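**Student:** Now for the letters of each chain:
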Amino acid sequence: MRALLLTAAAAMSAAVPAAAQTVAVTNAKLVVGDGSAPVEGGTVVVRDGRVVAAGRGVAVPAGVPVVDAGGRWVTPGIFAGFTRMGIVEVDGVSETNDAGAGSSPFNAAIDVVPAVNPKTSAITLNRAEGITRAVVAPQARGSIFGGQGAIIDLGADMDAVTKARAFQFMEYGETGAARAGGSRPAAYAMLKNILFEVRDYARAPGSFADRGKDALLTRADAQALVPVVNGVVPLLVHVERASDILVILDLKREVPGLKLVLVGATEGWTVARQIAAAKVPVLASALADLPASFEQLAATQSNIGRLQAAGVTVGIGMINDDETRQARLVKQYAGNLVALGKLPGAAGLDWGQAFASISSKPAEAMGMGGEFGSLRPGRRGDVVVWDGDPLEIGTAAVRVWIDGVEQPLTTRQDKLKERYFDPKEGALPKAYER
Amino acid sequence: MIRTIIGITAAASLAACAASAEDKPSSAASDAPAPRGPGKGKGFDHNPYPSTYKAYPGVPTLLTNVTILDGEGGRIDNGAVLFRDGKIVEVAQSIAAPEGASVIDGRGKYVTPGVIDVHSHLGDYPSPGVQAHSDGNEMTGPVTAEVWAEHSVWPQDPGFSRALTNGGVTTLQILPGSANLFGGRSVTLKNVYARTMQGMKFPGAPYGLKMACGENPKRVYGGKGRMPSTRMGNIAVDRGTWAKAQEYKRRWDRYEEKGGEAPTRDLAMDTLRGVLDGEILIHNHCYRADEMAIVLDMAKEFGYKVGTFHHAVEAYKIADLLKANGTCAAVWADWWGFKMESYDAIGENLAILEREGACGMIHSDDANGIQRLNQEIAKVRASAKRAGFEVSEATAWKWAAITPARALGIDKVTGSLKAGKMADVVLWNGNPFSVYTRPEKVWIDGALLYDALDPKRRPVSDFELGQPGEGDVK
Chain G
175 MRALLLTAAA
185 AMSAAVPAAA
195 QTVAVTNAKL
205 VVGDGSAPVE
215 GGTVVVRDGR
225 VVAAGRGVAV
235 PAGVPVVDAG
245 GRWVTPGIFA
255 GFTRMGIVEV
265 DGVSETNDAG
275 AGSSPFNAAI
285 DVVPAVNPKT
295 SAITLNRAEG
305 ITRAVVAPQA
315 RGSIFGGQGA
325 IIDLGADMDA
335 VTKARAFQFM
345 EYGETGAARA
355 GGSRPAAYAM
365 LKNILFEVRD
375 YARAPGSFAD
385 RGKDALLTRA
395 DAQALVPVVN
405 GVVPLLVHVE
415 RASDILVILD
425 LKREVPGLKL
435 VLVGATEGWT
445 VARQIAAAKV
455 PVLASALADL
465 PASFEQLAAT
475 QSNIGRLQAA
485 GVTVGIGMIN
495 DDETRQARLV
505 KQYAGNLVAL
515 GKLPGAAGLD
525 WGQAFASISS
535 KPAEAMGMGG
545 EFGSLRPGRR
555 GDVVVWDGDP
565 LEIGTAAVRV
575 WIDGVEQPLT
585 TRQDKLKERY
595 FDPKEGALPK
605 AYER
Chain E
63 MIRTIIGITA
73 AASLAACAAS
83 AEDKPSSAAS
93 DAPAPRGPGK
103 GKGFDHNPYP
113 STYKAYPGVP
123 TLLTNVTILD
133 GEGGRIDNGA
143 VLFRDGKIVE
153 VAQSIAAPEG
163 ASVIDGRGKY
173 VTPGVIDVHS
183 HLGDYPSPGV
193 QAHSDGNEMT
203 GPVTAEVWAE
213 HSVWPQDPGF
223 SRALTNGGVT
233 TLQILPGSAN
243 LFGGRSVTLK
253 NVYARTMQGM
263 KFPGAPYGLK
273 MACGENPKRV
283 YGGKGRMPST
293 RMGNIAVDRG
303 TWAKAQEYKR
313 RWDRYEEKGG
323 EAPTRDLAMD
333 TLRGVLDGEI
343 LIHNHCYRAD
353 EMAIVLDMAK
363 EFGYKVGTFH
373 HAVEAYKIAD
383 LLKANGTCAA
393 VWADWWGFKM
403 ESYDAIGENL
413 AILEREGACG
423 MIHSDDANGI
433 QRLNQEIAKV
443 RASAKRAGFE
453 VSEATAWKWA
463 AITPARALGI
473 DKVTGSLKAG
483 KMADVVLWNG
493 NPFSVYTRPE
503 KVWIDGALLY
513 DALDPKRRPV
523 SDFELGQPGE
533 GDVK
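Sequences listed follow chains G and E, in order.
Reading the first sequence from the start, the letters are residues 175 to 608 in the numbering used here.
Reading the second sequence from the start, the letters are residues 63 to 536 in the numbering used here.
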């Protein structure tokens, strides 16, 4: 009977009342997401949208609806460490693409929140694939600063933004150089000047001279950077080359409170000791192994494994890698890191670490490990039941809860598949089949 | 007549298979009167940049106790594969080890033919992707059938090594980009580093012609204020060009048969004439179902065959039409939504083609994707299963083996583990449909060119020599 419930879930989920934020999933091959191995016979209890308990021998309190997972894998929802999801519908259709704004007079002030559209196809699709939260970053087009990113959930409701203005995004390295006029020193000078201006602004916001379009920094940009300089809001910096990483780590000398997070970090493994010592977390590209640019010459799929071994907090991010639509690929990437472990000379992750690299680790990198990314008590009730090993190719999410609310999993692609499963036209044109 | 374009006799049969126009007996038969012209196809050299590829030496090798997917749909569990002198000798349940053979116990492992990627730009858009290396699209006119991708191939692209060691790719087609309606000729390469492009060139492989539908040509040229700026403009320019090609072909056919003054050479028209003669295969970038249907009619109008649509994300909508035309579709597993014409992509695309009996295959178009085509076909299998029908592992492997080999006109010599074929072989350290599996050894023409257990069998291109991470596991 429970099995029946499970298979019927996709069809029924639309009927689940949105207020239902309490559920217990029992009989699970349970993955907590903190790096530990799966345990059989586990239970997770979510009450009022948050995890109360998860593990073996966890009792289900009276009155909590129970879902029997039938021994299937149950994990925290996937936390996509770096995306541009929810702000783009079709990358190549500029009217639908709010990721970056090259001719805006603003930079750090840009805030992705007004662009987040919970109805984008990418949110629907990735929700159906078990992705429940995502870091959403703007692109930096007109300056080294791209603006303020958000943490979103992938729920089917209209309230997608979990944490607005959760971080500031900045480009350094080759892209930062291009944005600043053509060189790394120019990018660095731009950064120094911006820091001067931010301090100016912070001292006396009322008398800050906004020089409008001619300024490197408008009043709004300066205002957005105050919490970054004060260490309240993390600064995510896209940086790839080892020497550039060291330059960015050194910023902490200049701005002591700065909460840095490195993004990309292809050559990070070559300076892993310094990154670890600086206690700076990384949202790394998992499988970037090509010297795609001169700042990625040391690229290897072993980057994350070596960073982790050096003690760096590292999660998987997807900068410049179909990050508007394909957050689901982080599962495959994590699986590949497990496979690497079998190769002499390579550094991979064990299964538990690999799963953590797409759940608790990126959340911790964002300073939000207490809120997302695992099924430890107190975390958001983001839970997924899978029909197999979630890192294996082709495994599907069969039930998904976000904040304890069960989610619909049907996508536009499913409807196209159903329409054309038999491609030939029938009694009426295809336009009548739905 | 075909032999003039072929470097080696061994490859003649495969070229003939590509030459669908070859349905009349040779006019050069000894009892016929000597023609006054040079003879059909002999008016000029069709192979001026011939392959100099030579197989590297190998040792006779026997793989035992291994799961075999033969690339044509066959499977043997706990079987054996023997190859020697660069060729597959035998594939069977059990084979006695010949004297001197290297015997590898493949217990728990899989062996497959090498992965063939029908759509790559390695060498033409190499790493690092700097402007000085951007050689894949001659974006100066919508009709550039005269350019040959091989003349842009940089044989030091580090991407070749990744495709080999992580992807088990042994053969790949390098195509010009899709900015142009007629992008130019493709080249098929063996994935073996050489000092020259010619040293990588697959012996005897026919040329392809890259064409493109849809958004790219109309955007690139519309953006320059010139034709085409619309889809109807795309087809108009296509048709005008084919009409010219027919005329060019008539002039050259007449000259080659009857002699007289040779017509003026036009390198673009040489390529199109090759297509009309069935000597050059069509590889047509085309996403949308409705556009593919128009192109199929255009091919009938001008008398050529569309071999393969590439990036055919809507192939599933017209699987029956593709089947009826004998045209293949080369697709991704899960790319979608990056541009308008990719909006209707679905994960079951290739699975529906298979179910309908149409010709489908996987492709990468990507220096990263080419490293995991086994995982891409695994995604398609999983999608098919969820949609309600099973595609066996052995059938699915065709999508990366014999089917792309056919699309490239090299299926008589590679693309499956059959006696007499090139020993292009991958030993996987587990089930290649699993994310946890990687190539352990890769042989090309029987030569061991990658061994995960031996750092000396890992290629390092000139570019990576002396750089950070040289020789690292990538």
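Simulated from the structure, these hints should not be mistaken for laboratory data.
Careful: at least some of the hints might be erroneous.
[Unchecked claim] Pairwise CB distance ranges (calculated): (1) E:Thr258 <-> G:Arg608: 19 to 27 Å; (2) E:Met402 <-> G:Arg447: 42 to 50 Å; (3) G:Arg608 <-> E:Gly284: 30 to 38 Å; (4) G:Pro603 <-> E:Gln193: 41 to 49 Å; (5) G:Lys293 <-> E:Arg169: 23 to 31 Å.
Bear in mind that the values here come from a model prediction, so they are computed numbers and not experimental data.
Where is the CB? At the ideal position from N, CA and C, for every residue including glycine.
**Student:** Kindly indicate which numbered hints from before are broken by the structure, ordering the numbers from low to high.
**Tutor:** Going through the list in order, the structure violates hints 1 and 5 and respects the others.
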